[in-house]
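S.K.: Given these sequences and hints, build the entire structure.
Here the protein sequences line up with chains Y and A, keeping their order. In the working numbering, each residue's number is its place in the first sequence (first place is 1) plus 28. At position 28 of the second sequence the residue is numbered 23 (the working numbering), and the sequence of numbers has no breaks.
Hints are not guaranteed to be accurate.
Unchecked claim - Computed footprint of chain Y on chain A; a stretch qualifies when at least three of its residues, placed anywhere within it, have a C-beta under 8 Å from a C-beta of chain Y:
no.	region
1	65 to 78
2	82 to 95
3	100 to 114
Unchecked claim - Cross-link-like lysine-lysine pairs, in silico, PhoX-like; alpha carbons within 20 Å at most:
no.	chain 1	residue 1	chain 2	residue 2
4	Y	Lys129	Y	Lys100
5	A	Lys95	Y	Lys129
6	A	Lys25	Y	Lys146
Hints are computed from structural coordinates only; laboratory data are not their basis. Quick caveat: nothing in here was measured; it's all calculated off a predicted structure. Idealized CB from N, CA, C, for every residue including glycine.
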Amino acid sequence: MQVIISETFWQIDNQLMDEGRENVSALIIAGGWLEGIYLATQLSVLNPKNIEIKQRIAEQKYSIENLLNLLKSYENSKGLSEIIVVYEELKELFDQIEEKKISGEELMEDDMPVIGHKIELIMSDDLLKKITQKTAEIRADITN
Amino acid sequence: MKIMKFVAALTLLIVMSNMSWGQSCRAFAKKDCRPQMAPYIHNGQLNTATLFPGDKADILLTFYSGQKYRILVCSQEQLQGLAFRILDTDRNEVYNSKNKKSNTFDFKVASTQQLIVEVTVPEAKAANGIESQGCVSIMVGFME
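M.R.: Spelled out as structure tokens, the structure:
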């Protein structure tokens, strides 16, 4: 599945770049990311005790930062400035997720080095609820 | 007026040469670098830059726990002896390619986090007094 998605995106992205429509590629990424967050947050509503989903949602605090940097590079393109504003509002919520770094020792796993800190992301249930609501609002605005 | 026209023409020429260089850099990354990513799945991002000897460039990337990653740093022939480091967001070194004789690094991360990939092009004496610029690409591949 990952291979198919990656290859398809690669082909679309190349086509759009060749046609000078990089901004459309950025919009596809923004829309795909939002849909992913929407599905994850809705799953979290259905399974509030599923820690793994909560963890994956919290990790998107890094992705939304990268995504906004990408969108901002096309902020003069039609339709993108409005998207940037609402994604900024969502980022403000993700920024409230606390990051606790725990110094890690060097490890090997699956015959390869494991690098970086062990990081605990702390997101309250109330914050998750706000992220869930905001995501649903943005999605509804875009799709309606 | 003639001077203004000359400046405008010169500017256009510079912009066009940069555009064609940028496009050829992208083409180089697609054709010569991407195949080296196998068996990892390329994440679809082409991070390319045109660098001179002595230049340093870095990029902030997000890595997710549970995935195996390959970082590939690839350059055109005229830029010899390229080295790269991986740093955490506090700029502590977690990997250095020096003396490793490989332009790839396979690893996992202790937790989902952002890491900086820093590429350095060693100083080189230009034979004819003209420094040779070259294309450098940083690519990320992943697998479960």
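S.K.: Indicate, hint by hint, whether the structure satisfies it.
M.R.: Quick rundown of the hints versus the structure:
1. For the region 65 to 78 of chain A, the proposed coverage by chain Y is not satisfied: 0 residues have a C-beta within less than 8 Å of a C-beta in that chain, short of the threshold of three.
2. Beta-carbon proximity to chain Y at under 8 Å applies to 3 residues in the region 82 to 95 of chain A; the threshold of 3 is reached and the given coverage holds.
3. Requiring three or more residues with a Cβ within less than 8 Å of a Cβ of chain Y, the coverage given for the region 100 to 114 of chain A holds, as 10 such residues are present.
4. Between the alpha carbons of Y/Lys129 and Y/Lys100 the distance comes to roughly 29 Å, so the proposed pair goes past 20 Å and is violated.
5. Note on A/Lys95 and Y/Lys129: the hinted pairing is violated, with a Cα-Cα distance of about 29 Å set against a maximum of 20 Å.
6. A threshold of 20 Å between alpha carbons decides the hint, and for A/Lys25 with Y/Lys146 the separation of about 34 Å lies outside it, so the pair is violated.
Going through the hint list in order, the structure does not satisfy hints 1, 4, 5, 6.
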